[in-house]
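*Asks:* Below are the chains, spelled out letter by letter.
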Amino acid sequence: MTTDFDVIVLGGGPAGVNAALAAAAAGLKVALFDENTAAGGQVYRAPVYATRSSAVDHQTEHPTDHPTEQPGDALRRELAQSAVITYFNHVVWAVTADYRVDAAGPGGPMHCTGRALIVATGTTERVVPFDGWATPGVIGLAAATILLKSQGILPGRSTLVAGCGPLLAAVAAKTIEGGGKVEAIADIAGLGDWGRTLPAMMSRPDLMREGFHWWREISRAGVPILSRHTIVKVEQVHDGLRATLAPCDTAGRPVSGKRRNVVADCIAVGHGLTPSTEITRLLRAQHRYSRQAGGWIAVADQDGRTSRARLYVAGDGAGIAGAAAASLHGTLAGLACAIDLGSTDTQRRSPVPAAREAHAKAARFGRSMAQLMALRPGHIDSIGPQTIVCRCEDVTRGEIDAACDAGAHDVNQLKAWTRCGMGPCQGRTCGDIAAELLAARAHGGSRERAGCFSARTPLRPMTVEALTGNFSYDDIPIPTAAPL
Amino acid sequence: MLNDETMRIDNSGRATTVWFFFDGQPASARVGESVAAALFASGTKTLRASPRERSPRGMFCLMGSCQECLVMVDGCRVLACRTTVADGMRVEKTPEAGNDD
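In order, the protein sequence lines correspond to chains S and H.
Each residue of the first sequence is one higher than the one before, starting from 1 at the first, in the numbering used here.
Each residue of the second sequence is one higher than the one before, starting from 1001 at the first, in the numbering used here.
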């Protein structure tokens, strides 16, 4: 069967772009899809406004010499100079077993086929629900980084930063740098948790320096840092949002002790990242649950080969290991794909061992950061019975618990009984939490037995117009009626 | 109300201001900003009501995943976080987000 492309890469973050570049360099015909307007993914997202550095890009031969170049500019430039055919602004809504990709783009619906598929779809942010988490003004930590880095907007005049992981420091520091006020940082992790990341941090002095720069910025601004504290409630008050913070144990479970109230006009909260695996689940590749990796991930070898022929995963979507590791993992997946499709010679295989070594080193750092963000087993204990778990359908924890007690033994059964996960987000927001609740209540904590929401097409909610495109009813042929 | 100017970082390097409308009310944005970010910066945080409890909802993930920022632009349902503001654009709440039930 002839296909439009040798390889179709889904996702234009560091993993997807490097996979596409490696495959194209090996002589393969490569297409790359992303729903954003430019490559970079979440971590290297391009600013939406013109900056001096991007103006320089167009004018000079060696823009990398310019110190104000944004992270990701080099990635975008390399992609633009490659033979990779890019489809930005395209929402992929279906992928079939013969590697046909259907997408909706600015020019309407389109589709193409590939001999191989590299899935580099990154992650979604996990937010463990608390009372009032659906109140407008409560946003994800990842959302706050997009506001700050890409949109050039502060999350609030005053912001509370809460949750866990390195994004806490990044969001707080960038808010302060941008002229905003951070009311407090509530970190579920304790100093000991951060201390355990030190050996891995030593391996990346550059990133360690960046981290220390953030914390220096934060301490200079006098921001109170509440270690081992978690948000238990947010209420709308006349001058903003009032959050109640409680001390918690190492498992993230709120414990008795002094509750503190913090008022801010934005609350940025996040509890780690979960790999986006809709596409590999849709294609029925084997998956396994790994709390350290962020959740369910496709079973894959070190170069990203899944259980399914010519299907590869790369980057954080294959298990959280951070942007640096994602770039190298992308290269490995692109090379693996080129080798498997027989379009590269042994000379081209030589970069593989070096890339594997570099990836292992980068992943060691990324995984130590991921440790700080892994879902803690006691964290869901803080979710009250009246708290909404599924935002789309307003399904509370009490309703989920009642369904578990009535015999729901799998998340898909839970979904059918309660509508949890049945709304427009398709379970991306609540799926990890609903499964954790069910596993804790019905299966002694076994996420394997609680299962995972079935992936379905369309992979994103689509309007009928986006699928049909523009057409005239007059152009639809009307068959002549058979004679009576 | 939040002062629009205090929410934007490094105004000097920013592109020109454009005006758009949310439910008939004028709001400003810099060229390139998403509808969701521009409304958030101007203090408009509630974009819709949840279908079951009708509780107020707004921008949450800002990356096209959570679907909380669904609005109408030119009669079409779009995510405010994936839609770039255009001068004179008319953004409305979705019909089901009103108080018509």
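There may be inaccurate statements among the hints.
[As the list claims (entries may be wrong)] Label pairs and their computed distance ranges (CB to CB):
(1) Pro1026(H) with Gly469(S): 28 to 36 angstroms
(2) Pro1026(H) with Arg364(S): 26 to 34 angstroms
(3) Pro1026(H) with Ala482(S): 55 to 63 angstroms
(4) Ala481(S) with Asp1087(H): 28 to 36 angstroms
(5) Gly1075(H) with Thr37(S): 45 to 53 angstroms
(6) Pro1026(H) with Glu235(S): 24 to 32 angstroms
(7) Val1031(H) with Asp475(S): 55 to 63 angstroms
(8) Thr37(S) with Glu1096(H): 27 to 35 angstroms
(9) Ser1055(H) with Gly222(S): 31 to 39 angstroms
Don't read these hints as lab results, they were simulated from the structure.
Predicted, not measured: the structure shown is a model, and the values here were computed from it.
Don't be surprised by glycine CBs; every beta carbon is placed ideally from N, CA and C.
*Asks:* Tell me, which hint numbers fail for this structure?
*Replies:* Per hint list: 2, 4, 5 and 7 violated.
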